[in-house]
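Between the sequences and the hints, there should be enough to build the whole structure, so can you do that?
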Amino acid sequence: MKNFKINTENLYLHYGSKLALNNISLAIPEKKVTAFIGPSGCGKSTYLRTLNRMNDLIDSVKIEGNITIDGINIYDKNIDVVNLRKKVGMVFQKSNPFAKSIFENVAYGPRINGINDKKQLTEIVEQSLQNAAIWDEVKDRLNDSALGLSGGQQQRLCIARTMAVNPEIILMDEPASALDPLSTSKIEELIVQLKENYTIVIVTHNMQQAARVSDLTAFFYLGELIEFDKTKKIFTNPEKKQTEDYITGRFG
Amino acid sequence: MIKNRKIDIKGFVIEGLTLSSALFIIAIIIFMLVVIINGGKSAFSWEFLSTFPREGMTKGGIFPAIYGTALLVIIMSIAAVPFGTITAIYLTEYAKENSFLSRSIRFAVRTLAVIPSIIFGLFGLGFFIKFVGVKMDNVFLGGALKWGQPNVLWASLTMALLTLPVVIVAVEEALKTIPRELREASLALGATKWQTIRRVVIPGSLSGIMTGTILAVSRGAGEVAPILFTGAAYYLATLPHALSDQFMVLGYHIYVMTTQSANVDQTLPIQFGTTCVLLLLTFTLNIFAIILRYRIRKKKIN
Amino acid sequence: MNLFKKKIIPEQSTGISFTKKRIRWDDFFAEKIIKGVAFLSIAIIVLIFFFVFRESVPIFTSNSKADKAKADSSKVNIAPVSKTEKQETYGAESNDSSPKQEQYGVTTEDKDQKQEQYGVTTEEPQKQEQYGVQTNDEPKQEQYGVQTAEDTTDKLANKEIKTENPSVETKTEDNNKNALATLKSKDWQPVSDNPRYGILPLLIGTLKVTLISILFAGPLAILAALYTAVFANKRMKEIIKPAIEMLAGFPSVVIGFFALMVIASVLQSVFHYSSRLNAFVGGIAMGLAAIPVIFTIAEDAISSVPKTYYEASLALGANKWQTAFFVMLPAATPGIFAALLLGIGRVFGETMIALMATGNAALMGLNPFESVRTLAATIGAEMAEVVFGDTHYNVLFLIGSMLFIFTFALNAFAEFYVKGHLIKRIQGK
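Residue numbers (my numbering), protein chains in the order written: chain A, 90 to 341; chain B, 9 to 310; chain C, -6 to 422.
Treat the hints with care, since some could be wrong.
Claimed, not checked - Calculated cross-link-like contacts (lysine-lysine; reagent style BS3-like; alpha-carbon spacing at most 25 Å): (1) B/Lys184 / C/Lys234; (2) C/Lys227 / B/Lys18; (3) A/Lys322 / A/Lys120; (4) B/Lys18 / C/Lys300; (5) B/Lys307 / A/Lys183; (6) C/Lys234 / B/Lys307; (7) A/Lys183 / A/Lys228; (8) B/Lys18 / C/Lys230; (9) C/Lys300 / B/Lys307; (10) A/Lys166 / C/Lys25; (11) B/Lys201 / C/Lys28; (12) B/Lys306 / C/Lys234; (13) A/Lys189 / A/Lys208; (14) C/Lys13 / A/Lys151; (15) B/Lys104 / A/Lys107; (16) A/Lys275 / A/Lys121; (17) B/Lys184 / C/Lys28; (18) C/Lys14 / B/Lys201; (19) C/Lys28 / B/Lys104; (20) C/Lys14 / A/Lys151; (21) A/Lys207 / A/Lys228; (22) A/Lys284 / A/Lys121; (23) A/Lys183 / B/Lys201; (24) B/Lys104 / A/Lys151; (25) B/Lys307 / C/Lys230; (26) B/Lys306 / C/Lys227; (27) C/Lys25 / B/Lys201; (28) A/Lys151 / B/Lys201; (29) A/Lys183 / A/Lys284; (30) C/Lys28 / C/Lys14; (31) A/Lys228 / A/Lys189; (32) B/Lys104 / A/Lys166.
In short, the hints are calculated from the structure, not lab data.
Dropping the structure here:
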């Protein structure tokens, strides 16, 4: 029996009066990479953000339906959102390191959680940077500003920063879309490795990327979930015609 | 083709007119600077800046006025900067856009910015001195007269109200340059709102806080109307050593000396000298603030 | 690639704890405190309204029991007092009804209003100046608020601030009624045997100065703004804009000083008028203070006109200046109007320049070359020598209230007007 980490049932989301997500039901398994694909504006990023309740920051958002993580409904009013976000981390489309040193960027999360011991922090920072495959590049300049890194390095730094808080799920919103091909491939390599210990959900508008890194793929269109299946099946033998049209590039 | 040339002349004249207006204004500014610095440079000396006035303001220096001005702006800043910073933080971090509360606060701040400075003096008198001060005297001193009269504390608080809008605007400007994504990143890592403000937002706004403080200090050092009857004095034999003392201050000194000094010819160099000191002080502070502000705006564009 | 050992990064979300909502006290208090402090800014405006008005109310309620009560209690307090009635004043010692000595401003002889001469006083130079006001032959050196030795013991015995004795007290009642009656009169002579509180000359003085200053500063600032926003290239803009805005950094006392010293003499040699300090000089000086205000807002308004207007006009064949005058300027009218309004507001309430450059004589003629007294200058000059609780005191606060209302209304009007017009434009009306 597969262990479903994130289970979504009949999710509706409104931005004010506009319906952005229409009856989404989806079960995301743990320790695998699930990709969301679809044309711009189809709701995949919006859906991703419901999984760590980042949509709460927008006033006009209204949500109906059920999202459970490990069986617990995360929209229950007793939920501690702050702790939820420590369990479900997020990497954003455009890398957003703080205007602090590389070390302090990664140490930010642990410090928030009360870890202030220098030795401990150093260990955590080193491990996270290694996990993000950037340790060798920055180990000699941990105290330099993070803003001095290249785009790809900054993004990997952000991944390290997320991992320093020890989440169980990592959400990635088009993590490589702003990066050059070399950085992109580095990140893709990283993702494949990460799934051994984390559940990964990645939104991407790059179909080939989805095909390369993910185990399962969900295709969204105009706020609806069209098809969700093993990646191989989606890309070679999709059930729905819409999926096939998108995959073959008839629209985008 | 001849017709075109005619229109060109007209355009040239008009553009020249607007340019000359701008240049005329700048010329006046330079003229003022030159006249005042020129008139004051003869009085400049270390003695001038560090000693007390003597012989009816005809000799000696203006040290107590400088000291009093410094004391005034320090106490004023202690009051105004935290107050203004917190208000600015509220406006950018907590207030829902277009909520009634946030619009009211912004309107109140803008109103504060245009109230004539003499009204602040009246408020200082009617509220701080005659209400708070008197109550304090009644409660702590059984009615003796200590706080219910003008002194450096009330004058500084009055000035703090005057400069509050300046601080708020400057800090808000800096807060707005912090991109939304940084706040999101912090929250996504499991930080609370306050932790985000404390660790990400406030460090990012330090330049704005500095700009606001500098501008406030520049205003506070130069304004006279609010302290005309809330604490400034023309001649005191000693420096103020308690919050309940009166004090001398540069702006007030200039005002009284020029309008009612007995020995006009003898005090003239000191008048110019004092004005020169005040002008250079505010000028330098303003330039610092402009440079800071320029840097903040550049950061925003990037 | 490195294999990561997850164990080193400790569990930080404490297991399934996200199921229970934790109360975070620092977050909670931070929010409450921040909201509270921000709310104070509204409270301040309200307080200013309240306390400034409060001190002017007695004029309108001069029959109240409060005055009677004051009279009664002051009887009690009077007993231990020394023979010479000491009043609490904000500055100089003043004997009850003798005409004031010449202060740095108004002479108070009933017959004619002397205009201020720069630097002239009638006191000996060696006197210790108190609170900026020359004091003359009095037995003691009275400092502001500090009672002399005789009085201090009484002070401690009495729980109230000293007020005038009963006979003067009823005079205050009469004074208040009188004040109300004389507000509309043409004489401003608050310190005399027959005090008159006619605001009219002060109002006219203020209006004269304001008009002159706006006529001087308005066109100058707007044309300069036009240049900076439309004609100037980037480099010129970066030089001119901050340079003009530096004018805002000049303290008004410095501008007043400059006016007093230089502008007055220059203009006198050009126009050959008799009173050296007058509305004209004051107006020009105030104009200098208004220029940065008008310039900044007007420049902002013209720059905010969408570039598409500019481009469309040029594309139709108009040249730069035609575009500037017939397209950009009209489009920026609401903002420019607001700029002028705020310039007016700035000048209307300006105190120091008025005190130093306008001559300080409450005259009512239309001649711009005679001295005037503005509302704000009156407050600034006379508040220092007024008796607390006195009618004069109340009238000054009344003037302050009027100034406050005026600038408040002006500001509110400028805001709503501009907003209204901008909204209309966006809606395409």
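A quick look at each hint next to the structure:
no., hint, result
1, B/Lys184 / C/Lys234, "holds, 23 Å"
2, C/Lys227 / B/Lys18, "holds, 24 Å"
3, A/Lys322 / A/Lys120, "holds, 19 Å"
4, B/Lys18 / C/Lys300, "holds, 24 Å"
5, B/Lys307 / A/Lys183, "holds, 18 Å"
6, C/Lys234 / B/Lys307, "holds, 20 Å"
7, A/Lys183 / A/Lys228, "holds, 23 Å"
8, B/Lys18 / C/Lys230, "holds, 23 Å"
9, C/Lys300 / B/Lys307, "holds, 24 Å"
10, A/Lys166 / C/Lys25, "holds, 22 Å"
11, B/Lys201 / C/Lys28, "holds, 14 Å"
12, B/Lys306 / C/Lys234, "holds, 16 Å"
13, A/Lys189 / A/Lys208, "holds, 19 Å"
14, C/Lys13 / A/Lys151, "holds, 22 Å"
15, B/Lys104 / A/Lys107, "holds, 21 Å"
16, A/Lys275 / A/Lys121, "holds, 18 Å"
17, B/Lys184 / C/Lys28, "holds, 18 Å"
18, C/Lys14 / B/Lys201, "holds, 15 Å"
19, C/Lys28 / B/Lys104, "holds, 12 Å"
20, C/Lys14 / A/Lys151, "holds, 21 Å"
21, A/Lys207 / A/Lys228, "holds, 16 Å"
22, A/Lys284 / A/Lys121, "holds, 5 Å"
23, A/Lys183 / B/Lys201, "holds, 22 Å"
24, B/Lys104 / A/Lys151, "holds, 17 Å"
25, B/Lys307 / C/Lys230, "holds, 19 Å"
26, B/Lys306 / C/Lys227, "holds, 15 Å"
27, C/Lys25 / B/Lys201, "holds, 13 Å"
28, A/Lys151 / B/Lys201, "holds, 21 Å"
29, A/Lys183 / A/Lys284, "holds, 22 Å"
30, C/Lys28 / C/Lys14, "holds, 23 Å"
31, A/Lys228 / A/Lys189, "holds, 16 Å"
32, B/Lys104 / A/Lys166, "holds, 22 Å"
Of the numbered hints listed earlier, not one is contradicted by the structure.
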